[in-house]
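A.B. asks: The residues making up each chain are set out below.
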Amino acid sequence: MNFTRYLGRKALWYIGALFVALMLNFFLPRLIPGNPVDSLVSQLSRGGGSSGEQMKAIYENYMREFGLDKPLWQQFFIYMGQLFQGNLGTSFGQYPASVNGLVANALPWSIAIQLPAILIGWVVGNTIGAIAAFKGGWFDRGAFVSSLFLSSMPYYCLAILLLFGFGVILGVLPVGGAYSFGLSPELSMAFFGDAISYFWLPFWSLVLIFIGGQAVGMRSMAIYELGSDYVNYGRGLGLSDNRIVRYIFRNAMLPQITGLALSIGGLVGGALITELVFSYPGIGTLLFNAISQNDYPVIQAVTLIITLAVLAANFAVEIAYGLIDPRIRAASIGDR
Amino acid sequence: MKAVNFTPRFWVALGLVLFTLLLGLVGPLVVHTDPNAVVGGLYDAPSAQQWLGTDNEGQSVLANLVYGTRTSLIVGLLAGTIATTIGLVIGLVAGFQGGWLDDALMGMTNVALAIPSIVVVILLSIALPSRGSFTLALVIGVTGWPWTARAVRAQATSVRTREHIDVARLSGARWGSILAWDVLPYLLSYVVMAFVLQVAGAILTEAALSMLGLGPSGSVSLGVMLYWALAWGSIRTGAWWAFMPPTLMLTLIAFSLLLLQSSLDEVFNPRLRRGRAARRKKVVGVTEPAVGAPVPIPIESGEDSDVEVGRGVETSSGTHTRGGNG
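If you read the sequences in order, they're chains A and B.
So in UniProt numbering, spot 145 of the first sequence is number 145, and the numbers just go up one at a time.
So in UniProt numbering, spot 137 of the second sequence is number 137, and the numbers just go up one at a time.
Chain B with its partners taken away, still in its complex shape (with noise of 0.2 Å):
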């Protein structure tokens, strides 16, 4: 029996995310001309010398898509550290501390929930004399990391409960200790779920900051070639060598990551596999319906519902009925 069972889903999405990912890395190695180089005229179409034709200033389009890929890539990590890390740290202390810490984090959690972080970027973005690549995912990731606190939160607040933290508490385990190596393991599915989406979240984000204009100065990213690309207005000109390339990166890697995370919840939570159970009863040849659902695993709990649906719960009602329990 696999520890782990990964589906073709997964395959393909760790597929497609390694193809976005090698373009970005390994791209501006292979293409030797400068995103900013004057290598044409105004709009070329492609042709064998300029594979993707060039843009409004007669700058290659694929040296475009490449290093603005590899931008936009940048942005997505880091902001998506970021925000994982604050969202874990914060989520990982109030669970598992509960009492008027927990409020107290939780409070701050719900306000920054509550407030539509697009507009803390966007006062922060305008705020800002010069944006780079990196100051820009600074911002998003500062302000991504509350739906990754909440989910972690809920998690951490059942596994306190569990029995193996106590034998550490009599152990003589310090806090810090109990949380990094009795707690955090048994969080790592939803902190690598939570990851793969705020990579996503971030580089869309950072796609429609640069749309709004407020994208990184200096530097080309995906965002910033479909700004100029609306702005010279290739669309309506039919120049769709110009918009098309960074509209369909965007979305391959949208897409690529979203699959990834939803392969991934497929691996964590049983219950989702129904494919495999299904063929599993034809292979056994019984006829007769269900009889029990899927033994859950050890680590999951009864609130797993309510992470998986975290962005559609609303926001006081999971603490609010767990305090009832407690």
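Chain A on its own, in the form it takes in the complex (with noise of 0.2 Å):
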């Protein structure tokens, strides 16, 4: 009941925290004098030879599609009404394509190097990170300074390197895209074996820097915790070091679970530029393609899809911490 009680306010927090990125996902391109509409159809007219009247009608039929012939918080609520249709408009530079399919098609390549990643980075990072705090000495120092510099690089840098050495230099792995020419996306063997050959070299190139981000970590948590009274305590009263060893775990896990949701909270805007790199059709191409067409519905769309999964994520942060933080229990009792 009183968890009840904690998991409704920390949903009013987050439905609060969602109105407020909408709100700016939709006023902040704004903030321009004059709309899109003209520089589009100032391009048309720049790139072909229409003729005015013709421009004219094509002018008026995109204010009235994307409604900017409104008054600004006309065009606010007509955008939280087609929002909560699920209905994310409709493309300008590849119109009239509508952004729901432009997403459909570009969310799954963005999950599939992102979760595998994530995933086996926190298993392995948080690994290495404890082996390394336990062990200390030189094991320790080369482990951790390996860590700070895979954490530290640019994941862009990372795809980079890995794309000229491994594709360019070794040429034993394609150097860009996410299927054969030839091939078109579909659930059968030879296709998932030629995209996995299209898969290894962003996928490395992400789960090097999670690994060392994750090992950082757990280090830095795991150190605090061996330092800590209980644990010379256990010492004290000769407890083996395997069973102090799984006491220490258990408290430096819980920053890390934390960690976890939130990496897969950026699992849709967390590789931009790697799959940019790679020209893997993903999030961050279609973004990139947004952006330098002026794309604003796609833009619009991409940065809400990013905001809601990251808030997602902290929301399934709050209700994890409720579940297996006892502080977090008795505060809400009021035991404390």
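These aren't lab readings, by the way, just hints derived from the structure by calculation.
From the three backbone atoms N, C-alpha and C, an ideal C-beta is built for every residue, glycine too.
Among these hints, one or two may not hold up.
To be verified - Partial list, derived from the structure: chain A residues whose beta carbon lies under 8 Å from chain B:
hint	residue
1	Pro29
2	Leu276
3	Thr303
Unchecked claim - Chain A residues, not near chain B, derived (Cβ > 10 Å throughout):
hint	residue
4	Tyr59
5	Lys70
6	Gly81
7	Gln82
8	Ala97
9	Ile111
10	Phe149
11	Pro154
12	Leu183
13	Gly193
14	Gly269
15	Phe288
16	Gln300
Reconstruct the complex from the two isolated chains, following the hints.
C.D. replies: Below you can see the structure in the form of structure tokens.
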């Protein structure tokens, strides 16, 4: 019952944050005087030989289609209404393609390279960090510096280095794209086998950095735990190292679980540049193309999805903490 | 006994940071080539005349690298300063004042934390008609403060309960004076570390924006160099000199700043200095297991672990628990 109240408060908070995000998503692109249709139509007139009458008709159609002929507050409510129906609008740059369709095509590719990298990076990174903290000495020093190096390296720099090293110099892996020419996405072993060979470079450029970041965080937490009172007490009582390590690991894991959920929240938007480097047809490439074409509906849709993913992950963390952290439960009940 | 024990890692990190600063500041004075001048053909290989070759427009890669490093450092330092200042002020006021003001400021901070800053930066960047380096630094700085605010608030909350604050109040010191002279000095270690992280994050954010096509218009930065290298397919054509210098420079900057922050972390948090303790134990020659944790220095508190893993700890757990304590 108290936990339900805790959840209710958290849910209300996140709905408020979502509303702020929606307002940011809507109003920030509209800070510019003028509107995108002006530049869009002027680009068309620059590029083609359409007559003035045709340009005027196109202009009016665009204004109507995107609702830009109404006051801003009306546009906002129309936008919200469309969102609640799950309608993300129509693309400018790839008119008349639906934004929903574009995002639906791109999203699976982003998730395909991010999710395995996050999960594997989490497990391997935590293991390395915990071992380094407990062993100390040169293993600790080497593991720490290399993990720090990997975690500090911008993921797109590692992507570029891997692409050049394995794709161009060694030539053992494809240099870009997600599948070979002539194939179309389908559920078949042939397509999967082909796509997996394009998968390795983006995957490795992400997982190495996740491992590094996770190892650094876990090492710090484990070192703190090693110096805490209950560990010294346990050693004083003569507990074996194995048992003490289990206690340390359990406590050090708590913030790592938070980190995992937040990483999963970054699932959608976490690899924007990596996809660009590898010409991978994910959300990052979609966003890049939208930016270069001033395709505002697609940009807004992508940023909104990224925000929703992060908010959902944060909310999941709050729920998980309420379940696994005794201090939260005690605070809710009022025992503390 | 030295007041501050700098580890060898600190000096290595400091050397690397100074090297990049030197390259950014002094480099343009040594390399006289205009980064926008055409000095050869497209993608000329490195030679005696052009040490790092030319890029997709026949411009000197070395000149672009030097000027690009300077631009990236300017953006990073400016954005880092803005973000740290905003976060510091909000964190100090919230932590020290407590009450409804604390709740309001932390609520705002949590909302800002929950919305990914890359999203806000992208939305702001596409809204701006022109993006100079300073404008971009402002945008990145204005979106980067929440982490610092949370860390500073946690520390300010603990410092608020110290006896010397009570003495200052009884002496009639003003609110602002207490914050500036009695609370802030205790937080300097965290402020320094937060600033270093903010600078590194800002430089990488600028590079990421540039590669998305939202970089500073009309000037060269490391990210802009990478953008053009990718756009013109230099990786796949094997023109490694077009993308390798900015890639390695970005990695060097990020690694050196993070290494510096990590070294400072060991300076300010004695419990992380295990190697030294182990060495001391060997010298003494005792073979029994360590009998006690290192004595924490007075400014530390039990909330250090919250701050140290600040980016991992969930948003409201600390606030909730601390409220229960209060």
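A.B. asks: Now tell me if each hint is right for this structure.
C.D. replies: Evaluation of the provided hints:
no. : hint   : result
1   : Pro29  : holds (5 Å)
2   : Leu276 : holds (6 Å)
3   : Thr303 : holds (4 Å)
4   : Tyr59  : holds (21 Å)
5   : Lys70  : holds (20 Å)
6   : Gly81  : holds (21 Å)
7   : Gln82  : holds (18 Å)
8   : Ala97  : holds (20 Å)
9   : Ile111 : holds (17 Å)
10  : Phe149 : violated (5 Å)
11  : Pro154 : violated (5 Å)
12  : Leu183 : holds (20 Å)
13  : Gly193 : holds (23 Å)
14  : Gly269 : violated (6 Å)
15  : Phe288 : violated (6 Å)
16  : Gln300 : violated (8 Å)
The structure shown violates the earlier hints numbered 10, 11, 14, 15 and 16.
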